[in-house]
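Asks: Top to bottom, those sequences are chains A and B.
For the first sequence, our numbering gives the first residue as 1, with consecutive numbering after it.
For the second sequence, our numbering gives the first residue as 350, with consecutive numbering after it.
Just so you know, these hints were derived from the structure itself, not from any lab.
Hints may be right or wrong, so weigh each one.
Derived lysine-lysine pairs resembling DSBU-like cross-links, with alpha carbons at most 35 Å apart [as the list claims (entries may be wrong)]: (1) A:267 with A:49; (2) B:737 with A:82; (3) B:574 with B:745; (4) B:556 with B:737; (5) A:246 with B:737; (6) B:737 with A:216; (7) B:574 with A:82; (8) A:215 with A:168; (9) B:745 with A:216.
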Amino acid sequence: MRLEAKPRPSMAMLVLYPVGAVAVTLVVTSLLVLAAGASPLPVFVLVAKGAAGSQFALLETLTRATPLIFTGLAVAVAFRAKLWNIGAEAQLYIGGVVTVVLGTGALPLPAPILIPVIMIAVMVAGGLMLLGPAILKTRFGVDEVVTTLLLNFIVLLFVSMLLEGVLKDPMGLGWPQSQMVAADARLPRIIQGRRFHYGFVIALVAAFAIWFIMKKTTLGYEMRAVGHNPQAARFAGIPVNGVLMKTALISGGLAALAGFSEVAGLKGNLTLDLSPGFGYTGIVVAMLAMLNPLGVVAAAIFVAGIFVGADAMSRAAGVPSYIADVMVATSLLTMVTAIMLSRYRIRWR
Amino acid sequence: MSTAPSDSAQPVLRLSGITKRFGALVANDAIDLTLERGEVVALLGENGAGKTTLMNILFGHYVADEGSVTAFGQPIAPGDPRAALDAGIGMVHQHFTLADNMTVLENIALGTQSAWSWRFDRRGARARIAELARDFGLAVDPDKPVSALAVGERQRVEILKALYREARILILDEPTAVLTPGETEALFRTLKLLVAKGLSIIFISHKLNEVMAVSDRVVVLRGGKVAGERVTDETTRQELAALMVGREIVLPQAEPRAPGPVLLELTGVSTNGEGTQLDDVSLELRAGVITGLAGVSGNGQGAIADLLSGMIAPSGGTMVVAGERITEWSPRDALARGIARIPEDRHAVGSIADMSVMENVISERYRDPQFSRRGLVDWHAARAFAEKLVRDYEVKCPSPDARIRLLSGGNMQKLILGRALDPQPVVILANQPTRGLDIGAVSYVHERLIEARDRGAAVLLISEDLDEVLRLSDRVHVISKGRLTPAFARGERSLAQLGELMAGHGMENAA
Numbered sequence: 001m002r003l004e005a006k007p008r009p010s011m012a013m014l015v016l017y018p019v020g021a022v023a024v025t026l027v028v029t030s031l032l033v034l035a036a037g038a039s040p041l042p043v044f045v046l047v048a049k050g051a052a053g054s055q056f057a058l059l060e061t062l063t064r065a066t067p068l069i070f071t072g073l074a075v076a077v078a079f080r081a082k083l084w085n086i087g088a089e090a091q092l093y094i095g096g097v098v099t100v101v102l103g104t105g106a107l108p109l110p111a112p113i114l115i116p117v118i119m120i121a122v123m124v125a126g127g128l129m130l131l132g133p134a135i136l137k138t139r140f141g142v143d144e145v146v147t148t149l150l151l152n153f154i155v156l157l158f159v160s161m162l163l164e165g166v167l168k169d170p171m172g173l174g175w176p177q178s179q180m181v182a183a184d185a186r187l188p189r190i191i192q193g194r195r196f197h198y199g200f201v202i203a204l205v206a207a208f209a210i211w212f213i214m215k216k217t218t219l220g221y222e223m224r225a226v227g228h229n230p231q232a233a234r235f236a237g238i239p240v241n242g243v244l245m246k247t248a249l250i251s252g253g254l255a256a257l258a259g260f261s262e263v264a265g266l267k268g269n270l271t272l273d274l275s276p277g278f279g280y281t282g283i284v285v286a287m288l289a290m291l292n293p294l295g296v297v298a299a300a301i302f303v304a305g306i307f308v309g310a311d312a313m314s315r316a317a318g319v320p321s322y323i324a325d326v327m328v329a330t331s332l333l334t335m336v337t338a339i340m341l342s343r344y345r346i347r348w349r
Numbered sequence: 350m351s352t353a354p355s356d357s358a359q360p361v362l363r364l365s366g367i368t369k370r371f372g373a374l375v376a377n378d379a380i381d382l383t384l385e386r387g388e389v390v391a392l393l394g395e396n397g398a399g400k401t402t403l404m405n406i407l408f409g410h411y412v413a414d415e416g417s418v419t420a421f422g423q424p425i426a427p428g429d430p431r432a433a434l435d436a437g438i439g440m441v442h443q444h445f446t447l448a449d450n451m452t453v454l455e456n457i458a459l460g461t462q463s464a465w466s467w468r469f470d471r472r473g474a475r476a477r478i479a480e481l482a483r484d485f486g487l488a489v490d491p492d493k494p495v496s497a498l499a500v501g502e503r504q505r506v507e508i509l510k511a512l513y514r515e516a517r518i519l520i521l522d523e524p525t526a527v528l529t530p531g532e533t534e535a536l537f538r539t540l541k542l543l544v545a546k547g548l549s550i551i552f553i554s555h556k557l558n559e560v561m562a563v564s565d566r567v568v569v570l571r572g573g574k575v576a577g578e579r580v581t582d583e584t585t586r587q588e589l590a591a592l593m594v595g596r597e598i599v600l601p602q603a604e605p606r607a608p609g610p611v612l613l614e615l616t617g618v619s620t621n622g623e624g625t626q627l628d629d630v631s632l633e634l635r636a637g638v639i640t641g642l643a644g645v646s647g648n649g650q651g652a653i654a655d656l657l658s659g660m661i662a663p664s665g666g667t668m669v670v671a672g673e674r675i676t677e678w679s680p681r682d683a684l685a686r687g688i689a690r691i692p693e694d695r696h697a698v699g700s701i702a703d704m705s706v707m708e709n710v711i712s713e714r715y716r717d718p719q720f721s722r723r724g725l726v727d728w729h730a731a732r733a734f735a736e737k738l739v740r741d742y743e744v745k746c747p748s749p750d751a752r753i754r755l756l757s758g759g760n761m762q763k764l765i766l767g768r769a770l771d772p773q774p775v776v777i778l779a780n781q782p783t784r785g786l787d788i789g790a791v792s793y794v795h796e797r798l799i800e801a802r803d804r805g806a807a808v809l810l811i812s813e814d815l816d817e818v819l820r821l822s823d824r825v826h827v828i829s830k831g832r833l834t835p836a837f838a839r840g841e842r843s844l845a846q847l848g849e850l851m852a853g854h855g856m857e858n859a860a
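Excised from the complex, chain A in its bound form (with noise of 0.2 Å):
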C-alpha cells in the first residue's frame, strides 16, 4: 500500500470528504448507542436537540464554545509555526489565577478599565508560561510537548496549593475555591437570565485578529513560513527563534484569556475543576479546523455542542453522556482521514 500525491482536491471533494466524515462518525456511535441499548436515530435527534434545539440550548452551546474558540486559536497559531503547545490547560489556569488574583479586590478600578488592564496582564502571564519552552526548545532542543505537556499538571498542582492557601476563600467552608471577583471585573450577561456572556465576543475577536495576523501581516508570513521550512525561513533572514517566542507569547496569551473568560464571565471564581479539559479539546478543536482561525470558532461550536447535546441526551435516553467524548473522538479521525484522502490517494499494488 502506498499514498500518491492527488494534483488538486476539486470543490466537490471538499464538500464530499467531510460530508463522509460525519456519516462514518454517525455509523460509528451507532454501534456504541446499541451497545448501550437504545436505538440511534432518536439519539442523535436528541443529541442535535439539545445542542440547537431552543434558544436555551444553543446559548448554552456558545457559552461552552468560548473557552474552545480561545484555546483552539492558540493551538492553531503554535501548530502553524509548528511550535507543539500541549499546554493550553496550564496556561488556561494561569489565566485564571491572574484574573482571580487582580479581580477580588488588588486593583480598585471602574470596569471599563479594569477589565483590560485584567486581560493584558492574563495574556502576559500565559505568554510567559509558553515562553520558558519556547526558550528551552530553541536554546537547548528540549522538546517542547514534553515540558508543555507536563507543564500541565504542574500549574494544576501549584492552583492546588493556592487554593488550599493564600487564595483560598475564607468564606468557602473548607472548599478549596477562591473568593468570587468583584462585580467590576466580571464580564456581563448578553442575555439576562442566560449563562450566555461577553466572553463570546471577545472570542470572536480574537478570532478575527489572530486570522488577520495570519493572514496580512509580516509576522503572519513569518509564522508560517517558520511552520513550513525553518531551514529556507532562516536561509531567507526570517528570524526563526524571534518568531517562535512571539508565538509562544501569542499561543499562551490566547490559552490564558480562556480561563479569564470562564472565571470572568462564568464561574465568577477559581477552582480545580475550572476547566474539564478545555485545553486538551483546543487541540481537537484546531485540527478540526485545519488550523484556521476562523474555522476554530465553527469548530469550537461543532465540538461544544455535541459534548452539551450529549449531556441533555443522557438525561432523556439514559445512554451515558460519555458517547459524547466517543463521538468527538471518532469525528477527529474521520476528518484527519478525510483531509488526507483529499489530497493521496491510496494505491493497493
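Chain B: place on chain A using the hints.
Replies: Frame of chain A, contents of chain B only:
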C-alpha cells in the same frame, strides 16, 4: 539492432513497450530497451526524460501501465523489488545506501542471509569478497568502517555488494557525480573488467563525454520516449546532445573582462561547525569576475557557502565586504550588504515548498518598504513582483498563488535566480546553480550569471562539475579538505592537474 554481438544468444535484459503514466503526464512512453551479454549500454537523457521512472519499474518500485520486463528469458514479476534482485540485477545508486557505522564486510554481507540464522559465516564472506575484489580491481579493506572510506571507495563497496549477490546485470545511476577525474577513470577500468567477464551494464548519465568513453551503445531518452539509439563508435557528442535536447544548444562561454575592485575578501578565515570546515582560507572576489571553486563535494564548499550566506560567522580570520570589516553576521546582514545567494539545495533551503510562488519570492525582502508597511504585507506588490519575475526570468508557472513545489526544478531555480538577482546584488554566491537542471535551463542560468558579472557583480561559483567551473570562471580555486589553492587564471592548469589538486595531492606546493 546492428549492435548485437554476432552470437545468437538472446539479450540478458529486455524491456518492451514500457509505458507509465502519472495522471496526465506520460513518464515512459512505449520504451523498448535490450541489453546483451558483455555490453555497456548508456541511458542518456536530461532530468525528467524518464530514466529514473524506467529504472524504478525495472526494480519493482513502480508498476508499469503497459509493457513487460524479461531477464535471461524469464519475465520479472512487476511491483516486486525482490524479483529484480533475484533475477540477478544489481543497482548502484547515486546516493549510496551503506550503513556508515558498520564495516565494509558487514555492509556487503548484510541482508544476504536469513534474519533467523544467528550464525554469520564471516570467514566465507571475507574469502568471497577478497576474490571479487581481486578479479575486478575493487580494492577495499573489508574491516574498515564505511564512515572512514572516501567516496570512491564507498562506490566500490556498492559494486562489490551487487557482485556478492551474484548480480549479472549492473545498473549504475549517475555513478561519476561524486568522483574526481582520477576516480572516474578507475571506475571505467573496473567496468571494462566486468563486461570482459560477461556482466552487462546499464550506465545512466547525462554527461556526454563519459557516455562516449565508456559505452558500447547509447539509448537516448527524451520526454519519456526513446529519442534515438546509436552505436557509440558511430556517433558524435554533437549528435547525442541534439538527440537529448531535441535542438541545438550552445552553452555560453564567458569572455574575460577587466577585473574591478575587491568586493568581498576573506583573510585567513576558519569556521567551526559540522562537516568539513574552512581552515585558513583567503579569497578575493572582484567586481566583474567570476571566481570558480572546483572540488569534490564535502571538502568545505558547504562551509564557504554558509559563510557567505550569513548562516555562520567566521571563527577566525577577517571578512571584509565592500571595504567594511564584518563583525555582526547573519543572513539578513548578508542580504543587507548586497550579497545574493543561490543555495545548493533549492527544495530544502532555497524555497518553502508548501508556500506559494508569491510568498516565496518575497521571503528575503518582505520587510522592505516595497513589500510591507507598518507590519502589514502588501500582497498586491508581492503578486506584481512574482508576475514580473515569472515574465523576466521565463518561468513556467500556473499562477503566483500556486505552491512552489508544483514547479519543475528548472523553473524553481529560475525563480530563485530572479529573486536573488532582481535587487542588483554586488556579490553573488552561486552554489551548484545548475545541479539537476536540463541543458536548456543550465544555459539560461549561465547566461544570467555572466550578465550579472558584466554588470559589475562579483560572482563566486561553487560547482562539482569541473566543465562548468572551467567554462564560466575567470579565476579558479581548488578546494580540498577545507583549504583553498591560490587562484589560477583561466587555462593556467590542465584538467589533470586540477584533478590531482581536487584529490588533495600537492595542495602544499600548488602555488
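Asks: All hints are to be evaluated individually against the structure, with a verdict given for each.
Replies: Going through the hints against the structure:
Using a Cα cut-off of 35 Å, the hinted pair residue 267 (chain A) and residue 49 (chain A) holds, with the two alpha carbons roughly 25 Å apart. For the given pair, residue 737 (chain B) sits about 32 Å from residue 82 (chain A) by alpha-carbon distance, which is consistent with the 35 Å threshold. A threshold of 35 Å between alpha carbons decides the hint, and for residue 574 (chain B) with residue 745 (chain B) the separation of about 22 Å falls inside it, so the pair holds. Of the pairs offered as hints, the one joining residue 556 (chain B) and residue 737 (chain B) holds, with about 34 Å between alpha carbons and a cut-off of 35 Å not exceeded.
Taken as a hint, the residue 246 (chain A) and residue 737 (chain B) pair is honoured in the structure, with Cα atoms around 33 Å apart against an allowance of 35 Å. Note on residue 737 (chain B) and residue 216 (chain A): the hinted pairing holds, with a Cα-Cα distance of about 22 Å set against a maximum of 35 Å. The straight-line distance between the Cα atoms of residue 574 (chain B) and residue 82 (chain A) is roughly 43 Å, outside the 35 Å bound, and the hint therefore fails. For a cut-off of 35 Å, the pair hint linking residue 215 (chain A) to residue 168 (chain A) is broken: about 44 Å separates their Cα positions.
Taking the CA atoms of residue 745 (chain B) and residue 216 (chain A), the gap is about 27 Å. The hint holds against a cut of 35 Å.
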